[in-house]
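So you can see what is in the structure, the chains are spelled out below.
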Amino acid sequence: MAVSDPDLLVVDNLKTHFQVPAGIVKAVDGVSFSLPRGKTLGVVGESGSGKTVLARSIMRLNVASNALVSGSVRYDGQELLTKTPREMQSLWGVEMAMVFQDPMTSLNPVVKVGRQLTEHVRHHLGVSKDEAKQSAIQMLRSVRIPEPEARFDTYPHEMSGGMRQRVCIAIALACGPKMLFADEPTTALDVTVQHQILNLLAAQQRERYMTMIMVTHDLGVVAGRTDEIAVMYAGRIVEKAPTAHLFSQMKHPYTEALLRAIPKLERPKHTRLDAIVGRPPDLINPPKGCKFSPRCPYAQARCHEEEPTLMAAEAAGHSYACWYPVGSEANEKALSDNLAARLPQALAAVGEIEATEEVPGAVVAAGENN
Amino acid sequence: MGLFIAKRLLRLVATVFAVTLLTFLMTSLLPGDPAVAVLGAEGVQNEELLLQVREDLGLDEPLPVRYVSWLGDALTGDLGESYINSGQSVSDTIGDRFPVTAQLAIMAILIAIVLALPLGVLGAYHQSKWPDTASSAVVQVALSVPNFITGIFLIWLFAVQLEWLPASNWNRMSNGLGANLKTAILPATALATTQMAIFSRLVRSDMIATLQENFILAAKAKGLSNKFVLLRHALRPSSLSLMTIVGINFGALLGGTVVIETLFAIPGLGFRLINAISQRDIMVIQGITVFVAVVYVLINTLVDLFYVAIDPRIRRS
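These protein sequences, in sequence, are chains G and X. First residue of the first sequence: 0, per numbering that gives the first Met the number 0; consecutive thereafter. First residue of the second sequence: 0, per numbering that gives the first Met the number 0; consecutive thereafter.
Rather than coming from a laboratory, the hints here were simulated on the basis of the structure. Keep in mind the model is a prediction, meaning the values are calculated, not measured. Among the hints, a few may not be true.
Claimed, not checked - Incomplete in silico selection of chain X near chain G, CB under 10 Å:
{"#": "1", "residue": "53"}
{"#": "2", "residue": "212"}
{"#": "3", "residue": "213"}
{"#": "4", "residue": "214"}
{"#": "5", "residue": "216"}
{"#": "6", "residue": "218"}
{"#": "7", "residue": "219"}
{"#": "8", "residue": "220"}
{"#": "9", "residue": "222"}
{"#": "10", "residue": "223"}
{"#": "11", "residue": "225"}
{"#": "12", "residue": "232"}
{"#": "13", "residue": "233"}
{"#": "14", "residue": "235"}
{"#": "15", "residue": "236"}
{"#": "16", "residue": "310"}
Stated by the list, open to error - In silico contact screen, one side only, chain G against chain X (beta carbon under 8 Å); selected entries:
{"#": "17", "residue": "89"}
{"#": "18", "residue": "91"}
{"#": "19", "residue": "92"}
{"#": "20", "residue": "96"}
{"#": "21", "residue": "99"}
{"#": "22", "residue": "104"}
{"#": "23", "residue": "109"}
{"#": "24", "residue": "261"}
To be verified - Quick list of simulated restraints, FRET-style, between CB atoms:
{"#": "25", "chain 1": "G", "residue 1": "67", "chain 2": "X", "residue 2": "127", "range": "17 to 23 Å"}
{"#": "26", "chain 1": "G", "residue 1": "29", "chain 2": "X", "residue 2": "125", "range": "30 to 36 Å"}
{"#": "27", "chain 1": "X", "residue 1": "4", "chain 2": "G", "residue 2": "186", "range": "36 to 42 Å"}
{"#": "28", "chain 1": "X", "residue 1": "231", "chain 2": "G", "residue 2": "146", "range": "57 to 63 Å"}
C-beta: ideal position from N, C-alpha, C; glycine also.
Construct the entire structure; sequences and hints are all you get.
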């Protein structure tokens, strides 16, 4: 199986629950997916949807001592969840690497860029200081840092944010990992720089035939740059589809709402953005039934009672977890019923009222929240 | 960088000037007549003799004149002569005593740092687990026991019970380093315990803050060993406040070894200062105080320069 297996990563029913004084936070609550070699998966969701915890749980990086992780993560045929911390250390950097969100804080301010680029190469690959330096300069050149020889001897504070993120990418790629995690790699950067960094990541991913998971809250970031997208809500994947397909044929109301929240140029000026009604759910006491139901314009009685699991759509590779999927007749009927009942979620969805963070009590009561 | 050093040196000169002025003023304001102290009980009766002594010591001149002439001499390295032990040069006394006190202070600081680093790092790394609790307990004890009690305990253990080391006295380095260290190790350790406690608390709390930083997580994600991450990534950014306190406490130790010097009968600067104070030997008091203050200021300037070595970001400002 090991060689012929096309999937580099197989995640099965992964759960990461944190024990806190107030109860159990189900940050990741039963996530399953598989990722073929050389492919890119975008994981999209609001803050607090569990996407960062998912990435770190797969990599087993910095999982707090109060975390209970269960399920299975198979990487290249090996189960990761049963590995010792020391065994994981020998995978980090060489097999799997991570690019972090904020390049201003993820480089050590008192260590020269050169050492940060070479220390793990020397540690893992046992090459000499000189060889490591040569390959680091090569690496800096390939992430398009001008004058790499001079940059090698500088400190991080002497560079701009975009430059630093390039350095972080160079560090992540230095040992030639098979799997790259990019956790909001452009969130802290200027829009113009974002574009360059995303293109750089995509180019490196193709060139090195890396498998990549790109975590972001911004659907715009993953559009056109990933093979597949998984939309996360409250610790679960609620919809997963090939990228182009997801944008045209989304089934889950949450995905639809996320797409609507992206500003569009063709709209008239000063159009109000379509925000999503309400806030992300409390992960300690999540709403009963579908966790999106209190905010969903289409929610019916069943949604507040029964939680849907991922079901396959007609198109290959597309699955969603919704009783009243977008584009279906049942969905249209649900919306017209909710509009007739003047539910604020539905009214906000058709633009009749403005979305607010507060969901009126009556609606929450229907879901017996808390 | 050059400008940075120049600025610090300018500040150094200004501070030293202020220190001499303040010291001179304060010692002049000390109650009691130095001439009385010089002559002793019998001389007090003799008004003529008193006037004579005052004139000899230059005490009849107005304060500003005395200050300027004293400062002029001090700049050439002449801090005057002792009033009591006539003819004894204050500069020579300092030259004789200072190496002893400096050695004690340096050894105490070094011992403290060597013990504090592992305690602090372990405490931070195993925060709230048993190694942290254990090191906190050690620190609490070290912090709450005064130096002289630690000194007495060390004498009891190593001199009286085990008979490994002498209980008191001082061998100068000229008598051989081994002999010197034998007499220095106990008082230095007694001085070091409190410092060790303070240093390790600082390292621990700074390290805990550093370990929360993103760059530490990023270093871990590179697959570096825990030890490497701790020592090569976390320690340096966690040692800035340690540097400050080492500088300040070293200066404080130079003037604060009195009790330990007395306990171990060590001919240091502090011992001499206490002596001078009880004899109202103003020249000696002035000389030693100014000297210690200048050394203190010098050390703090050095610490400022050290910052730059530790944190490259400071070079820019």
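Here's how the hints hold up against the structure:
For the restraint placing residue 53 of chain X at the interface with chain G, the shortest Cβ-Cβ distance is roughly 59 Å, beyond the 10 Å limit, so the hint is violated. Among the interface hints, the one on residue 212 of chain X holds; its C-beta lies about 7 Å from the nearest C-beta in chain G, closer than the 10 Å criterion. The criterion of a C-beta within 10 Å of any C-beta in chain G is met by residue 213 of chain X, whose closest approach is roughly 4 Å, and the hint holds. About 4 Å separates the beta-carbon of residue 214 of chain X from the nearest beta-carbon of chain G, less than 10 Å, and the hint is met.
With a cut of 10 Å, the hint placing residue 216 of chain X at the interface with chain G holds, because the nearest CB-to-CB distance is about 6 Å. About 7 Å separates the beta-carbon of residue 218 of chain X from the nearest beta-carbon of chain G, less than 10 Å, and the hint is met. Among the interface hints, the one on residue 219 of chain X holds; its C-beta lies about 7 Å from the nearest C-beta in chain G, closer than the 10 Å criterion. Interface restraint check: residue 220 of chain X against chain G, minimum CB-CB distance 5 Å, threshold 10 Å, status holds.
The interface hint given for residue 222 of chain X holds, since its Cβ lies 3 Å from the closest Cβ of chain G, which is under the 10 Å cut-off. Checking residue 223 of chain X against chain G by beta carbon gives a least distance of about 6 Å; that is within 10 Å, so the hint holds. A least Cβ separation of about 8 Å between residue 225 of chain X and chain G falls short of the 10 Å threshold, and the interface hint therefore holds. Using the Cβ-Cβ criterion of 10 Å, the hint placing residue 232 of chain X at the interface with chain G is satisfied: the shortest such distance is roughly 5 Å.
Interface restraint check for residue 233 of chain X: the shortest CB-CB distance to chain G comes to about 9 Å, inside 10 Å, so the restraint holds. Annotation: residue 235 of chain X was flagged as interfacial toward chain G, and the flag holds, the nearest CB pair being 5 Å apart, inside 10 Å. For residue 236 of chain X, the interface hint holds, the least distance from its beta-carbon to any beta-carbon of chain G being 5 Å, beneath 10 Å. This hint holds: residue 310 of chain X has a C-beta 6 Å from the nearest C-beta of chain G, less than the 10 Å allowed.
For residue 89 of chain G, the suggested interface contact is upheld, since its CB lies about 6 Å from the closest CB of chain X, less than 8 Å. The interface hint given for residue 91 of chain G is met, as the beta carbon of that residue sits about 4 Å from the closest beta carbon of chain X, less than 8 Å. The criterion of a C-beta within 8 Å of any C-beta in chain X is met by residue 92 of chain G, whose closest approach is roughly 3 Å, and the hint holds. Annotation: interface hint on residue 96 of chain G holds; nearest CB of chain X at approximately 7 Å, less than 8 Å.
A distance limit of 8 Å between C-beta atoms decides the matter here; for residue 99 of chain G the minimum to chain X is near 6 Å, and the interface restraint holds. Proximity of residue 104 of chain G to chain X holds as hinted, the smallest CB-CB distance being about 4 Å (cut-off 8 Å). For residue 109 of chain G, the suggested interface contact is upheld, since its CB lies about 5 Å from the closest CB of chain X, less than 8 Å. The restraint placing residue 261 of chain G at the interface with chain X is violated, with a minimum CB-CB distance near 28 Å, outside the 8 Å limit.
At roughly 19 Å, the beta carbons of residue 67 of chain G and residue 127 of chain X sit within the given window of 17 to 23 Å. Range check, residue 29 of chain G to residue 125 of chain X: Cβ separation about 33 Å, and the 30 to 36 Å hint holds. At roughly 41 Å, the beta carbons of residue 4 of chain X and residue 186 of chain G sit within the given window of 36 to 42 Å. One distance hint, 57 to 63 Å for the beta-carbon pair residue 231 of chain X and residue 146 of chain G, is violated here, with the actual separation near 26 Å.
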